[in-house]
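Peer 1: Sequence:
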Amino acid sequence: MAARTDHDERAEADAGAETAAPKRRGASRLAMAVSILGELLITAGLVLGLFVVYSLWWTNVVADRKADKQGDKVRDNWAQDKGGPGALDTKDGIGFLHVPSMKNGEVLVEKGTSTKVLNDGVAGYYIDPVKATLPMTDKTGNFTLAAHRDGHGAKFHNIDKIKKGDPIVFETKDDWYVYKVFSILPETSKYNVKVLQSVPKQSGRTKPGHFITLTTCTPVYTSEYRYIVWGELERVQKVDSARTPPKELG
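Residue numbers (UniProt numbering): 1 to 250.
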């Protein structure tokens, strides 16, 4: 067997280096791809996190400010007696909803349930697909309301805290309408408009009356189903000069 020369050893070393170089380049490219992918995932996570903060916190801040300002305007109009006794201002708002169980203070009620209306941090009364019967008309029917459960004020976020027998109070310029919760439907199809009828289906009532219905999305942070609360009018209390609230509001 011929002796190996220095030249032979150098040639083999060079060949090995040439073979290893593509492997190192391949590993380097893979590492770079993994690094870029990691950075993209981190960026996507940050963007998603910021979106969640915006959706669930900042939209509440903006909506609450707007609703408070609009509510002050309604009360100022009442104090100045604009529009005369019992006038309905369907543009600025018709009154305030008070539900002690939800622990969210007063909620301005405006006309309509479109996203544009509800995004202002208010509750809206239905004009479609079933028109609400406003309590000020003194007619039997169903005063149907909707509000967001999360984001944009989330006025009905704690709707699941309401229990049978709890009070719901609607305040207008001239009267306090005091309702008592008699039935709750924790989940139903978003397309179930029968719950909005003048005698609401699935509520347990079969005869005309003076009802109120609160509706919102469920489960929380989704819009797959609807959560329904029904109340029935117990009495109407006239507003005095001090606007003393009913005993149900403490």
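In case anyone wonders, no lab produced these hints; they're calculated from the structure.
Computed from a predicted structure; not experimentally measured.
Even glycine gets a Cβ: it sits at the ideal position worked out from N, Cα and C.
Careful: at least some of the hints might be erroneous.
[Said to hold, decoys possible] Derived DEER-like restraints, expressed as beta-carbon distance ranges:
1) 225 with 32: 23 to 29 Å
2) 101 with 34: 51 to 57 Å
3) 244 with 73: 39 to 45 Å
4) 101 with 244: 17 to 23 Å
5) 137 with 161: 15 to 21 Å
Peer 1: Confirm or reject each hint.
Peer 2: Against the structure, the hints:
| no. | hint | in the structure |
| --- | --- | --- |
| 1 | 225 with 32: 23 to 29 Å | violated, 47 Å |
| 2 | 101 with 34: 51 to 57 Å | holds, 52 Å |
| 3 | 244 with 73: 39 to 45 Å | violated, 22 Å |
| 4 | 101 with 244: 17 to 23 Å | holds, 21 Å |
| 5 | 137 with 161: 15 to 21 Å | violated, 30 Å |
In this structure, the hints that do not hold are numbers 1, 3 and 5, in rising order.
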